Every structure is written in C-alpha cells, then in structure tokens.
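Note that the protein sequences, when read in sequence, are chains H and X.
To convert, note that position 378 of the first sequence is 391 in this note's numbering; the numbers rise steadily by one, no gaps.
To convert, note that position 165 of the second sequence is 231 in this note's numbering; the numbers rise steadily by one, no gaps.
Since the hints were made in silico from the structure, they are not lab data.
What you are looking at is a predicted structure, and each value in this text was computed from that prediction instead of being measured.
There's no promise every hint is true.
What the hints assert, rightly or not - Quick partial rundown of chain H residues pointing at chain X, CB under 8 Å, derived from the structure:
| id | residue |
| --- | --- |
| 1 | Val81 |
| 2 | Glu131 |
| 3 | Ser236 |
| 4 | Asp270 |
Even glycine gets a Cβ: it sits at the ideal position worked out from N, Cα and C.
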Amino acid sequence: MISLVQYTPLRGLIACVVSLSLVAAACSAPGGDSDSNSAQGADKCTDSATVKLQDSLKGKAPQDREKVLLEQAAAAHGGTINLYTEVNDPTVITDPFEKKYDGLHVSVYRAGSEQIRERVLQESQANFAGADIVELDSLEMAILDQNKLLAPADSPFLDGVTPSAKFANFTGDRLSYIVPVWNTNAIADTAAPQSLQDMKDPRFKGKLALEGSDVFWFASLVSYLQGQGMTKDEAVQLFKDIAANSAITDGHTTTTDLVVAGQYEVAANNFIHRIRELQGKGAPLQFLPVKVPVVAEVTGISVPCASANPAGALLLQDFILGPEGQQAFIDDDRTPSNEKMAATSFGGVEIEPIKTDVEAISKQYSDWNELWQTVVHNGGKG
Amino acid sequence: MTQVLASETPETGARPVAQARVVTRRPVGLWTLGALVIVLLGYLVLSPLVYLVWRGLTTGDGFGLGNVVAAYEVPGTSEMLLNSFLFAGGSALVSTITGTALAFFCVRSNAPLKPLLYAASIVPLIVPGILYTISWVYLIGGNVGVIKKAFGAFGLGFVVPDAFSMPGMILIDGLHLSPLVFLLMFAAFKSTDPSLEESAMMSGASVPQTVRRVTLPLVRPALLGAVLIMVVRGLESFETPAVLGMPSGTWVFTSRIYDALHTYPIKYDQASIYSLSLLLITVAGLLLVQYLNRRSERFQTVTGKGFRPRPMDLGAWRWPVSVGFVVYFLIAVVSPLLILLWMSLLPFYQTPGIAPLKTLTLNNYTELFQTRGVVESIKNSAFLALTSATAVMLFTAVISWLVLKSRFRGRRLLELLASFPLAMPGLVLGVALIFIYLRSPLPIYGTLAILFIAYVTRYLPYGMRYSGSSLAQVGAELEESAHMSGATWRDTFRRIVLPLMGPGLVAGWIYVVVVSIRELSSSILLYSQNTRVMSVTIWEFWQNGQTGVLAALGVSMVVVLMALVAVAYKLGAKIGVRET
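Isolated chain X (complex conformation) (with noise of 0.2 Å):
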C-alpha cells in the first residue's frame, strides 16, 4: 500500500513531538481541505447541472420525461448521432494520434529540428476556432481551396478532402485540436523513466517494439484520458459543425443545440435534453477510464530513485521522422497562417495568384487598432486568462491529489464532479450562469466575475487531466520520506509534489490560458457593456465580415501569443520543469 495517508500511519513517525501534532491535526486539516475542495466544486458545478435538470425534465405538466421522448423525435435524430459519433471519433483519432507523436518525438527521442516540431505542436492551438475553419475553407474548401485546385491540376483532387465533408470537417477539427493531446501527451511522456526504454533496448528490442511494449503502456492512463477529452470535445464542438458542417447537412449535437437556442421560444428543454445526453455520455466514458486506469500504481515511475528524462536515439528513423514532421508542420501550420497572412492583405479574398498582388494592403492592420474597444477586450481576455488559468491549475492540482494521494473518502466523486463540465457546451453553460447569477444577491451578473466562473468551471475538466496524469506517475515514497523526516502537509504539497507536478502544471497552464482567451461559446451569452473580451470581438468581425481585419488579428494573436508561449517555455526552463 504505498498510497496510504500519512495520518493513519502514525507509528512511522520518528519524532514523537511532531506525530502528536500530526495525529490530531492532520485528519483535521485534511478534512477541511476536502470539505472546502467540495463545497467549491460543487457549488460550480452543480449550480449549472440542476439548473439543467430542471430545465430538462421540466414540461408544462410539471417533471417528465416527455421532454426527452420530444427531443429525440425530431426528425433525422438517429443520423444526427451518427454523425456526431463519426465526427467526435474521427477528429480524436486524428489528434490523438498526431498529438501524441508530435509530443514523444518532442520529449523522448533525438530528432533534429526539436523546436520546430514544439512550434508546430502549438500554433495550431493559438488561431481561434473560427479562424482555423475558415483558413481551411481557402486551403480545401470545394471550388475555392488552394491545395484542392492544386492537386486537381494534376488530377489528383480526389486525394484532399472537401472542407464541407465529414472527412474535411474530421481533419480540420482534429488537427486544431492535436495542441491539446500534445500539451497532455508532453507532460506525460517528461515524467516516466526513461530507464525502462533503455533497458528494453540494450535488450535487443527496436524503436517501435520499445514504443509499443514500454512507452506507450507507461503513459496508458495519459493517454486514455487524452482520448476521452478529444472524444468529448469532439462531441461538444461547436465551430467546425457549424461553418463546416450546416453548409452540407451534417448536423449533430451541438448544431443541434445552437437551432435550439435560436428560436422562439427558445427550446430550452430540448438544449438541456442534448446537453444531459452528452453528460452521460462523458460520465460513462469516465468511468470506462477509471476502470481501466484502477491500479494506478502501475504507471508510477517517478520514484525516490533519482531520474533524469534522456532522449532515445532514433538511430535510422531519426531523418524520416524529421521528413515527416516537416510536412506536418507545412500542412497544420504554415499553410493555415500563410492563407491567414494572405487573408488580411487583401481588402477581399481572391485566390492567390499575381493580379491580387497589386491590391495587397496594410489597411486591415490600421482598422483593426483603430477600431474602438478592441484593446480593452484584449486586457479583459488577458485578464481572465491568466487568473482562471491560475486558479484552474491550483485548485485541481488539489484535487488530484486529493483523488490520487489520498484515502479521503469521496475522492471518486471529487474527480467525477469535476469532469462533468466538460460535457457542458459552453453555451448551455452561459444560458445556465445567466439564470443563476440574474438572480444572485451578489453583483456577478454584467462583471467580469461571472466570465471568471465560467471560464473556471469549463476548463476544471482540463486541468484535472494535466494535474491527474502528472500526478499518477509520482510514487508515494517520496511524500512518504518528506512525511517520516517531519514536514507538515503543507510543506510537502508545496516543496515535493508541487514540483513534481511542474511539467504537467506548466502545460496545464499554458493551455488554459490559450483556450480561455480562444473561449467563445460562453463569453458571447455572458459578456456585457464593458466586459466584452477578445474572442467576443473576433467574432463580431466575422459576423460583420471584416474577414480582412479578422485575418490580421489572428496573424497578431499568432505571433503575441508564441512570444508568451516562448517566454513561458524558457521560465520552465529555469525553474526546472523543462530539460535542457
């Protein structure tokens, strides 16, 4: 039993002073934490799911379920979830499998051209949805793409997918997504001991014998959580659907509860009824993962044992790895924000060619800092990112310990109650928060507070995978040391596990900061006169069709954003999170 809590051990204690205080504070403290930790947790996010029960099973006659009977028998409801199954699988296939290369070619091995393939695994993650679908649109969209007409040209058009397709809308998706996978696969990969794979080697074993028998195995929990996320978020995204997918008749769920919402009356019975599907959908998944994951001492490597990440020699395959990095980083990211480049040039998009060269502007650039507003929603959106992003990644780091490292009881329900937002499409959260908080004593409702919870509740989910899998590979030993040499609990959240935790908390970080800032579908219910953020404003142009001004505020988002991502990478560095 090498999760056993501190305080139940007393006996191992070797100063008698310090194990009395431990005896009777620790259970103490603990259970304050604990408590605290629910009360927190259930309050934002129970708050949205009995408003979205209530809402559900609410019909004229009082509770039913006449709502879900009316909701599933809209026409064309058994396509629509095949759809959304296809879409959900197909995009977390597609990320999964190109993020989580991306990060072990990243981290474990030797290949030349490292920082390429980190700025390959990012940018991807920092142009906003809307703005990455409609690059595609220009790249492979039907009669307009430009790598479409390219390969037709050799007659060769069948080879790319149409944007307007359930395989172009797959592939978008899933590469806009791969960031997410990479930044989880990342810290997973920094924290298991490289000494296995070496052993495996010197054992005779072959690159990809070692990668499919050692490496991948020791990164399963990682990585079965890295797919349930891509699954559910496939099912819960709302851009590609959208522009992609309305156009050629592909609905599924949240097209579904966009129409919902834009009627009148709105259908906030049938909204609710599509949210509580995707919600179980999730908790049944969750507890798949849970399962699967149950003996989550086996994925331990971070031990007492000094250890020290090492790249793995590629030896032949170094060069075609690299071959084919570069044509990833060519496809998911120059030629997105090379059209986006284009894009915001031109004072309307032509096809590239050599006449629209003599049209080429900076006008979009000059417009899109005059327009009023602009800068305070980017303060807001800074704003809020760095303190949900902060306040995500501290409170689930302890929360995963909590689920992970101790015996507190309800730590199932802990790691359960926290992954239910990720199930909650964002709208249906903003339509949620906007009933509570209109009705609240306190003055949440028109501030940037109520953007602040939303932002925190969707994203706990997230920080839960990046803290939980950092966490589940760090052995018990070494709190227990900390434990037997007299730290209190405090000393050791903070000076062992913390640290520990770092590559994962960093990453964590980074990726909440981006995606808040990227975070639409609740800020466009929730924001007000002066609390209007960036991705707000990103959408307004796009709804006005400055698509110009749009392209040159992606292009500045692009190259703002990698500088913090660069900063932040190098002050990981420096407080030891990342090797050198």
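If we strip away everything but chain H, and leave its shape as in the complex, we get (with noise of 0.2 Å):
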C-alpha cells in the first residue's frame, strides 16, 4: 500500500516539475545561437517615447530644451535616470549631475562593455526597460545601433565633437588611445619596439605581454596595415609573430600593472590614461616617444529607444558631452571626444590616432574575432 501510495504520485510529480522548468526556461524560446534579433528591433524606435520627444525638441534654443527635460525627467520614476556605464569611476560625472540638477538621481550600473552590450540585448528581447541612457566602447554600441535599439545622436553640443566619434545613432564622449609601453628598469627608451615589426624580434622573447581581449585594436591595425600595401594574411601572420614572442594577458590594467611589477618588460597595448596615472604615482613606465600606429578606441554614449526616462537620459547626455562633462574626463586623466577640450589632455604630447572604421569593423566583428582567436592561441608557442 506504502509503494502504491509513493509510486504514482511521484513519477506524476517529477512531470509536474519537469513541465514546470520548461514552462520557465522556455517560456520565450532561445532562437538558436545567436542573439543578432534585429527584425524585432524595428517596432522599438519607431513611435517610441524617446523618438517623440527628441522630435518636439527640435529647433529649441539650448535653454528651453534644458528646462523641458529637466521638468518632464524630474516627473519619470521619481527623478531616477539609470545609466549604465563602463567608466571606471562613474562618480566623475554623477556627482557634478547630480549636484547641477537637484532632484535627479542617477543610478548606476557599471560593469564591462561586453556585458553591458549583452545585457541590453537581453533586457530589449524580454521587453524589460533597463537602460534609461547607455555609455560603453563604439564597437559594442555599433552591436546594440545594428539590433535598432538606439535613438538618433541628438545633441546641441554634437557640433564640437570630433568627426571620427560622430555616428547616427550615438557618438563618442571619450577617447582611449593604446600604445604599447615599457619599464623603465628592465629596458632603456631606445631599446623599446622601434615598430610594430620590431615586436617579433627575438630580443623580446618572454617579455612581451599582448593583452588578449583587444579585438579591436588587432582589427584597427589589421586594417591600416592594409591600407600601408601589406595584404591582410601578411598582417595577420605579423600578429601571430607578435604573439609567439608573447605572454597572453586578459585585461588592460592587469597588463600595465604587469609590467610595473617586472612580470613583463614590454606590453603591447595599454590605455595612455592609465600608463599616466600610475606615472603620476612614480611608477617607472615610458610609452614616449610612440613608434608604433596609435589605435583610439572610442568610448560612445546613446539613448535606447525603449527608455523609460528619456528626458533626463538627454539631459545626461547633453551633461556628459558639454563642457562640464568634457572637463570632467579630463580631471580623470582621460581623454574628452571634444576635439578641441581633447588637445590639452596629454599635457602637449601630440598624438595623431589612425583612422579606424568602427562601423565596418563591427560588421563583421565575428570574423575579426575569430582571426584574433587563432592569434591569441598562437601565444607563448614561439
């Protein structure tokens, strides 16, 4: 009677459990592999709140535009703009925002630009408001502008920004220049990488760190030296040399930080603005004079399409690429994508970047990184 009694329902139960994990893993299906869902992100823009009211905005002096968000923010979600962000320290610019437009509070979720870019994508295909305004690397963004989910860039200080950060549906706040770098006790400046060819010279053998996330600036790089007569297999090929001679590292502070350590005397490619602050700590680090192509990755902000307090995600952005949000990066040691606020941020060092399309790059980003794939794994074999 026992076993009659545990028996049937049991097996009934685990069905019953079985069905209700599929009921809640399934109940929208995955759709395959990827998450490119673009045909959906049509119906996000279009008559979408954030689209209207840049719309009635338009032909509005500076003025009039600022105190209409700032009315219309302050009565959205009790004043709440969330923003999320890759800035290190975001505080740069919520404080002075905060302080600026009593009432707004600005809360922030900060984490990689990856998985800012995922986690969007994910939040937008469940329908799941988010994101009020959105600041991450260009290419991610350009992922998130091919999915539709962002509004028009729409700014009344977009005329300052510098012409390689403007694109339609967002535009560049920042800058982060990659250089490679040296310490200054482990080798002299004129023994550093002459030239990017420089950096498969034996003499770099085990020395050499190669920061193994940088799809870009490989892509970048790639591109250029194309552009320079090599074909893009010899481009490659120097980059699988490169990271022969090399140590694979995954993160760009880490590396720097390697290097200041004596880990590694030589790294690839580092942020300038993190090479100068643990400068100013007098950290024995050199970078100058820069022999090597300089790649700048892009820092983009944008509104998405589905924000649920637009007014003050424009008015934060407005905020952010003004004066007083420029100046901020640069009192952060970064460099501002207002080109000429961006010219006093190396203390007179000029630097000219390449040019890079961010747009094409990202189009076929999967490929790129692929191609990086066979050259990371190509590390420390040489």
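Hints given; two lone chains; assemble the complex.
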C-alpha cells in the first residue's frame, strides 16, 4: 500500500516539476545560437517615447531644451535615471550632474562593455526597460545599433565632437589611446619597440605581454596595415609572430600592472590614461616616443529608444557631451571627444591616432574575433 | 535492516495511541515532505538545466547534435581536454592530501599548535580567488616572484614551479581549495568513533598503520565525496585558468566557456555544450561514488553507544608532524598574506626590498572606505551569505535524511538532482537565470532574490556533501529508539538527527557563508544597480587596476572573516558541536 501511495504520485510529481521547469526556462524560445535579433528591433524605435521627445525638441534653443528636459526628467520614475556605463569611476560624472540638477538621481550599473551590450540585448528581447542611457565601447555600441535599439544621436553639443567620434545613432564621449609601454628599470627607451614589426624580434621573447581581448585594436591595425600595402594574410601573420613572442594577458589594466611589477618588460597594447595615472604615482613606466601606429578606441553614449526616462537620459547626455562633462573626463586623466578640449589632455604631447572604421569592423566582428583567436592561441608558443 | 523507516514497522511501536497516529500520519507526512523537496529542488536545478539542454541542442534547423560536433571540432580541443583533466586531477590531489592531513591532525591527534592548524586550514578559503592567484604571481611568477627569486639566488630556481605553468596552476589552485577538503574531512573525522583506532593501537599497530587501515577506510564515503567534488570543482574553476592559464596558452573547459561568452554573437550553444559535458562527467563520477559507497551502514560509527572523539597520541611523530604543518602554514597562508599586506601598503607594486619602504602609505585603505558603494556591497554580501548558507544547510539536511535514512522512492534522484549544480559553471548558471527571470512575472530580476536563488542552487551540492557525510555515520538505532519512545518524526529530526549532524552542518554553513561572499562567476552577471555584492566590487577593483586597494580589501576581509570564523567556532563549542 505504501509503495502505491508513493509510487504513482511521485512519477506525476516529477513530470510536473519537469514541465514547470520547461515552462520557466522556455516560455519564450531561445531561438538558436545567436542573439542578433534585428527584426524585432525596428518596432522599438518607431513611435517610441524617446524619438517623440526628440522630435518635439527640434529647433528649441539650448536653454529651453534644458528646461523642458529637466521638468520631464524629474516627473518620470521619481527623477531616477538608469545609466549603464563602463567608466571606472562613474561618480566623476554623476556627482556634478546631481549637484547641478537637484532632484535628479543617477542609478548606475557599471560593468565591462561586452557585459553591458549583452545585458541590453537580453533585456530588450524580454521587453524589459532597464537602461535609460548607455555608455560603452563604440564597437559594442555598434552591435546595439545593428539591433536597432538606439535613438538618433541628438545634442546641442554634437558640433564640438571630433569627426571620427560621430555616428548616426550614438556619439563618442571620450577616447582611449592604445600604445606599447615599457618598464624603464628593465629596458632603456632606445631598446623599446621601434615599430610593430620590431615586436616580433627575438629580443622580446618571453618579455612581451599582449592583451588578449583586444579585437578592435587588432582589426584596426590589420586594416591600417592593409592600407599601407600589406596583404591581410601578411598583417595577420605579423600578429601571430608577435603573439608567439608574447604572454597573452587578460585585461588592459592588469597587463600594465604586470609591466610595473616587472613580470613583463614590455606590453604591446595599453591605455595611455592608465600609464599616465601610474606614472603620476612614480611607477617606472614610459610610452614616449610613440613609434607604433596608435589606435584610439572611442567610447560612445546613446539613449535607447526603450528608455523609461528619455528626458533624464537626454539631459545626462547633454551634460556629458557639454563642457562640464568633458572637463570632468580630463580631470580624471581621460581624453574627451571634444576636439578642442582633447588637445590639452596629454600635457602638450601630440598623438595622432590612425583612422578606424568602427562600423565596418563591428559588422564583421565575428570574423575579426575568430581571426584574433587564432592569433591569441598562438601565444607563448614561439 | 537498520534503515527501515519508522512508519513501515508499526508493530514495533510500544504505545497503541501513538501508533495509530504514526500509521496514518507518517506516510503522508513523508510523502508531503518528499514532494515539497522534489518540487523545490527540481525547480531550482532543472530550470537552468532545461535551458542549457535547449540552447545546446538547438541549431538553426531545430534540434540536433550539430552543436556538439562543432564545439568539439574547435582546433586544440584534445589538448584542452587533456589540460582540463590534468589540472582538475592535479589540484584535487594537492587539495585532498593537504586538506585531509590537516583535518586529521586537527581533530584526531595531540599535535601541538592546533589553533595554528585551524587558521592554516581556513584562511586560504577567505582570500578571494583572484586575489589569492595574484598574490601567488608575486610569489612564484617567473620574472617577478619573491620565492622564485630567493631560490634562484642559490641556483635552486628550478625547485619552485612557475606560476604561469601547469604545475604552478595545480599548486596554487590545490592550496586554495584545500580548506574545502579540510572542512569536509573535519566533520567526518569528528563523527568517527575513536575506539576503533584505540583498539588497533592496543593490538600493536603503529600510527601510520592505524591511519591507513582503520581511520581512512572509516571516512571513505566522505573522502570519495571530497575527491569527486575537488575534481569537478577543478574542472569548473575559473580564476586560476583565466589569470595563469591563458597567458601561457593553457586552455581548459572554463576558459573556453569564458571565450564563447565573450564574443558576438555569443556562442551560447558552445558554452552549453561544454557545460553539459562537465555535467555528464559529474554524473558519471557521482554514480561511481554512489556505487562505491553503496553499503553506507558499514561506515556508521555513531551508534546508541556513548562515544567521545578523543585525540590519538602521535608519540614520536608529534613534532615532525607539527614542523611539517608550520612549513605548510608559512607557505599557504603567511606568504600570500604578507604579499597582500605589502601590496596594500604601496602606491603600485614593487618587489619587496629596502627602497620601496620609502613609498609605504595607507592611501589604499583610505581609498577603500571612501569609494562609494563598497559598504553597500558588503552589506548585500553579508545578507546573502547568511541567508543562503542557512537555507542551503537546512534544505540539504532534509534532503540528506531523505536520501540516506528514508525509504522514500526517488531518493537516488534527489541526490543526483542536488549534485547537478556542481558541474554547472557559474557563468552559465548566471546566463540561464537571467533568461528565465527576465521573462518571469515575479519581480526577481534585478533584485537580491535572483542572487539568492543562484547561491542556493550553486551551493546545494556542497551542502549535500557536508550534511550527507556527517549523516552517513549516524546509525539508525538512535532514531529508532526515539521513535520507540513515541517521538514524532519532527521531534526526532529536530532533537536527534540535527544535533548529531551538528559538526557537519556548522562546517557546511561556514563554508557556504564564505564561498557565497566570494562567489563571482554568477554574481558578475546577476547584480544590478542596487544589488552589487562584494565579489563584484573586488572584480571591479581588479579590472580598474586598483590592485593596492584590492589588496587592502583582501587584508580587511581576512581580518573580519577570521573573527567571524572564530566566533562561529566558539559558538559551535558552546552548543556542543566541538569538543573543547
């Protein structure tokens, strides 16, 4: 009798749990292996509150625009603006913003660019309005743009932005220059890499670090080298040779830190702002003179069409692209996207980055990434 | 048949009134309990699992095995498989040997300096994985390691493995995970009746003979469980392969999963296939362990007879053993902590020496407590750790009882279910939970609840090991006597079973608290604006290159958590879990 009591309902129960879980896990189909779901994106922007608001603001003087935005922002969601950003210390922006606009509050989700991109895609697929405004790497931003999630770029401060940082549906708000760095206790400035090709020289064997997630840097340089007369295969082979000389590291800041510590003498791809920050603390680092083509990574800002507080988002965007936000970046050792203000950010040293087609690279992101993986997997093997 | 369930032997009841109640209530009570546990457990474990299978087996053309083939056709797969097993096996070996030896000498011997042993066993657990790994880079990293350089000065550099190599990775991961084995085995040794060892020694066996032929066989279920957990944990471990493996081109399962999740379009299919592979390996291992432990009553030594764990006299071995553990303490605990302390006092890392002393500063500590959000993240972590540890231990105590002591049909299934999350990499669990709760009508996404669900799911298998191995050694006679005296199931469970499982439950609770505070791979995907946790703060400090501040946080964490562990240890002593 006992076995009967236990047996049948148990089977039923298990079936019940399994089906419950099935429902929970799959009430909306995952849909194959990719998340590029551009078809559904189109509806997000047509008739969205963000686009309507932008239309209603057209032709307004900056002060009127600010006034309207402030009023509406304070009324939506208790004045809270959800910002998804990859900047290390968001308070450099949010503090002066909240001080200027009393009654508004910026709620920050800080994460890496890839993670933000993925979060925004996931949330949009589930029709969850998470981010009011996003700030992330332009390559990842371009992916959001391909999914048609972003409202057109719109701000009274667009004119001041350097041309390479202007895009249809997002705008560069700051730039990160990527250069090689070396430990001055380990090698003399004259022994530092004299060119990209120089980094495959045997003298760097085991002493060189290569940051392993830098698809954009790789793609930009390969495209640049092609423009200089190399074939694509030759350019990729050059990176494979450099990788064979190198230890592959994860994370730009970590890589620079390991050079400071002396684990590596040279690292191929580092952010100038990080180097300058460490130099400021007395670390034995140098990146000048720059003998290698410099890639400038553009970090972009944009308001998603599905923003739940579009007025607050546009107000914050204006603030960041305007003189106060751009100056805040300079004070934080960053390079702003405002052309005139950027010139002052390296203490007088002029660095001319190579031209990069962000949209072209982002469209072939998957191919570039696979190519980069073959380079990275060559790491430490030479 | 010592495991016969009370309800099935009504004729043994002494009091007719109680008996009538027992007969009508217990099967229903048991069934309700079992059903409740199955529903909860099934929901927690199966929902992400179903998602994984779905993702793994769906291709553009519907269901199929195409993704499996694709995932294993990636160049370098055979090498990756070999690396994974080498790494997992190696680190399991290191952690099992050190953890078991530490636990044995801590519980069963009269070795001096026992508090030191206890500290030695716990501290590596407290230091976050990333930080422990980094500190070892500065200890034995090829060009920068202090220990490596010191040995190199005497021409002995080859003795110390390079951090960025397979032996280095195995050593570092093994040492970091040995506390887990320690806690598991600590509970097991506590509940083993020492009279058997005493008899062996009285009959003329030496200490090593006794250990080999009596002590170890007695704790075999716990030991096998520990080895299984360590191997799977090694396969699933992320920090060490990411920080040390990738630079040297040593790829394993988790770095491949990380890779698959860090590209666009994200290769969820590939990540799922690798995760499912890990899952299959775990299930195979689990079935093997179940088979080896099939006669669990052979290991029951806590019976109705009074017993009290007593230390074993090591005799001449007393001092050599202690010296060995002081050396271990210096290597596994003191040196990484010293390096952390050193890092926390410098504006940027410099090799220890006289010159950098001039740059010593407390700035990192000030910066740590001035950084906004740090305090909130500590609060969130503390709340989550305490609630999830309590939930996990209570839940697994019930599951273990159902699995080991009841005749509930489907108890094997329960054990299997509760062990599944062991093999589910945190990153993948995070992905699954986001997918599910973004579409759930319940407001769980973006709150602490989603993190709680993740932690409880992730740490169920560990809870199972702790409660399971302590319960396996409790004989059924005690419960039978309670039942004969008219106690209800609930009374018996509360007054007999739980107290007997005490040492295991406390050890498990401590472990889950600590690992929840450290948990990164799911948290990193699941936190939101207001639910940032401490491990995410740590990760961000690391990503932002604030290693000094990070080290300062590490040092503070060790100090605070050591104090907490000490309190828990004392409390344990008070409620009779620990022998004083």
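Broken hints, numbered, in rising order? Hints 1 and 3 contradicted; others consistent.
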